[in-house]
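J.: Residue numbers (the working numbering), protein chains in the order written: chain A, 1 to 81; chain B, 1 to 81; chain C, 1 to 129; chain D, 1 to 129.
Calculated from the structure, these hints are not laboratory results. Check each hint, because a few of them may be wrong.
What the hints assert, rightly or not - Which stretches of chain D does chain C cover? Using the computed rule of at least three CB atoms under 8 Å from a CB of chain C, they are:
id, segment
1, 23-31
2, 34-40
Claimed, not checked - Only pairs whose alpha carbons sit at most 20 Å apart, straight line, appear in this in silico DMTMM-like list of lysine to aspartate or glutamate:
id, chain 1, residue 1, chain 2, residue 2
3, D, Lys125, B, Glu71
4, D, Lys118, B, Asp58
5, D, Lys126, C, Asp25
Note that this is a predicted model, so its numbers are computed, not measured. Every residue gets a Cβ at the ideal spot worked out from N, C-alpha and C, and that includes glycine.
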Amino acid sequence: MDITVHFYSYFRDLTGCAQTSEAVVAGATIGDLLKQLIARFPGLGAMQNSTLIAVGVDYQGRSHVLKEGDEVSLFPPVQGG
Amino acid sequence: MDITVHFYSYFRDLTGCAQTSEAVVAGATIGDLLKQLIARFPGLGAMQNSTLIAVGVDYQGRSHVLKEGDEVSLFPPVQGG
Amino acid sequence: MKRQLTITTEPIDEAALLSRRRMSDGMGAVVYFLGVVRRTEERAPISAIEYESFDRMAEHQFNLLFDQMEKRWPVESVRLVHRLGVVRVNEPSLWVEVVAPHRGEAFAACQWLIDEMKRVVPIWKKPLA
Amino acid sequence: MKRQLTITTEPIDEAALLSRRRMSDGMGAVVYFLGVVRRTEERAPISAIEYESFDRMAEHQFNLLFDQMEKRWPVESVRLVHRLGVVRVNEPSLWVEVVAPHRGEAFAACQWLIDEMKRVVPIWKKPLA
Numbered sequence: 001m002d003i004t005v006h007f008y009s010y011f012r013d014l015t016g017c018a019q020t021s022e023a024v025v026a027g028a029t030i031g032d033l034l035k036q037l038i039a040r041f042p043g044l045g046a047m048q049n050s051t052l053i054a055v056g057v058d059y060q061g062r063s064h065v066l067k068e069g070d071e072v073s074l075f076p077p078v079q080g081g
Numbered sequence: 001m002d003i004t005v006h007f008y009s010y011f012r013d014l015t016g017c018a019q020t021s022e023a024v025v026a027g028a029t030i031g032d033l034l035k036q037l038i039a040r041f042p043g044l045g046a047m048q049n050s051t052l053i054a055v056g057v058d059y060q061g062r063s064h065v066l067k068e069g070d071e072v073s074l075f076p077p078v079q080g081g
Numbered sequence: 001m002k003r004q005l006t007i008t009t010e011p012i013d014e015a016a017l018l019s020r021r022r023m024s025d026g027m028g029a030v031v032y033f034l035g036v037v038r039r040t041e042e043r044a045p046i047s048a049i050e051y052e053s054f055d056r057m058a059e060h061q062f063n064l065l066f067d068q069m070e071k072r073w074p075v076e077s078v079r080l081v082h083r084l085g086v087v088r089v090n091e092p093s094l095w096v097e098v099v100a101p102h103r104g105e106a107f108a109a110c111q112w113l114i115d116e117m118k119r120v121v122p123i124w125k126k127p128l129a
Numbered sequence: 001m002k003r004q005l006t007i008t009t010e011p012i013d014e015a016a017l018l019s020r021r022r023m024s025d026g027m028g029a030v031v032y033f034l035g036v037v038r039r040t041e042e043r044a045p046i047s048a049i050e051y052e053s054f055d056r057m058a059e060h061q062f063n064l065l066f067d068q069m070e071k072r073w074p075v076e077s078v079r080l081v082h083r084l085g086v087v088r089v090n091e092p093s094l095w096v097e098v099v100a101p102h103r104g105e106a107f108a109a110c111q112w113l114i115d116e117m118k119r120v121v122p123i124w125k126k127p128l129a
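Full structure from sequences and hints, please.
T.: Printed below as a string of structure tokens:
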């Protein structure tokens, strides 16, 4: 299934991309998706422990199982204020 | 020697007085003055543990030794804000 | 709890915000916080900070924080404005107001909200030289 | 540290105070507190509070607190206005502003100042029915 992926802040510079699509197998987790994305965009590798991940508008952990139509966002630690 | 004494807040109501003069012996402390004032204004007696006392514009404890010309102020706990 | 959230590229107009404050007569404390862009960011001089947000998620995360705030403190109203885009040195990027019956809870709720915002609300900054 | 202390029977004019704020470009945080007279004082409804002060001592004690504040936190400026006389319900009796480089120290200094004021500054209140 295809997952829409958005990048924010300097993750756009690391990937050269604001939005993309990534095909994952049924039952794939966010952790699996992240591995695939790092293989495709090696610049994300160094940041992987501090990367924040949301599905829709809610944070999700690495073990969260993805489903068809999910919109996933990846971004660095937030810095509002 | 004579000590000028000022009362603030409801201590004015307790004593019926805003300012008075009290004669004390040389070497008298604030504690001694307070005892004399309570004898003269019994309404102060119930408040004596929470009474705040200043000489001039600085707080002083009960053992502070008074000197000629001191202006002493007695008042209840403060409540600014 | 009344809540008013504004995420905007417009400058923060403190005077206008002040004039729109409403509080009931049981409220005794108002705490404001204003965050202002400083001349130095990580020791380097800057001229401005550019703020970017994941808008829909930022709104949602702010509302989750307001939900928690309402459960923890007897706050009557919270208003928060976060500016996006280029904010020059000496200009405010964040304005927060908390109205509560007593000062302890107003200070606690305001500080908690800002701390949590900096942990979960997807807004990022880029210093501009 | 710039300090401005006003103890006055005039109403507190927040908008005018705001318009006179000056801060250098190294400052990132402004914390304001506004204390407002509430409808109930010790469970009884009131219409106003009458504030009285031992003026010379109040000024001196505020200045001693400002001296300590300056030693403890890198505050650039503190402004404090305390109103005296009759202050009606829903009107402010106290306005405090602290400007500092970062929010942690601005919040800490502002809360400390108000706590200490309530402990040592000779101002008293009388609720009016």
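J.: Each of the hints needs a verdict: does it hold here or not?
T.: Against the structure, the hints:
1. A count of 8 residues in the segment 23-31 of chain D with a Cβ less than 8 Å from any Cβ of chain C is obtained; the coverage claim is therefore met, three being the minimum.
2. Under the rule that three or more residues need a Cβ within less than 8 Å of chain C, the assignment of the segment 34-40 of chain D holds, with 7 such residues.
3. Simply put, Lys125(D) and Glu71(B) have alpha-carbon atoms about 23 Å apart, too far for the 20 Å limit, and the pair is violated.
4. For the hint pairing Lys118(D) with Asp58(B), the CA-to-CA distance comes to about 16 Å; that is within 20 Å, so the pair holds.
5. Of the pairs offered as hints, the one joining Lys126(D) and Asp25(C) holds, with about 18 Å between alpha carbons and a cut-off of 20 Å not exceeded.
Against the hints set out earlier in the document, a violation occurs for number 3 only.
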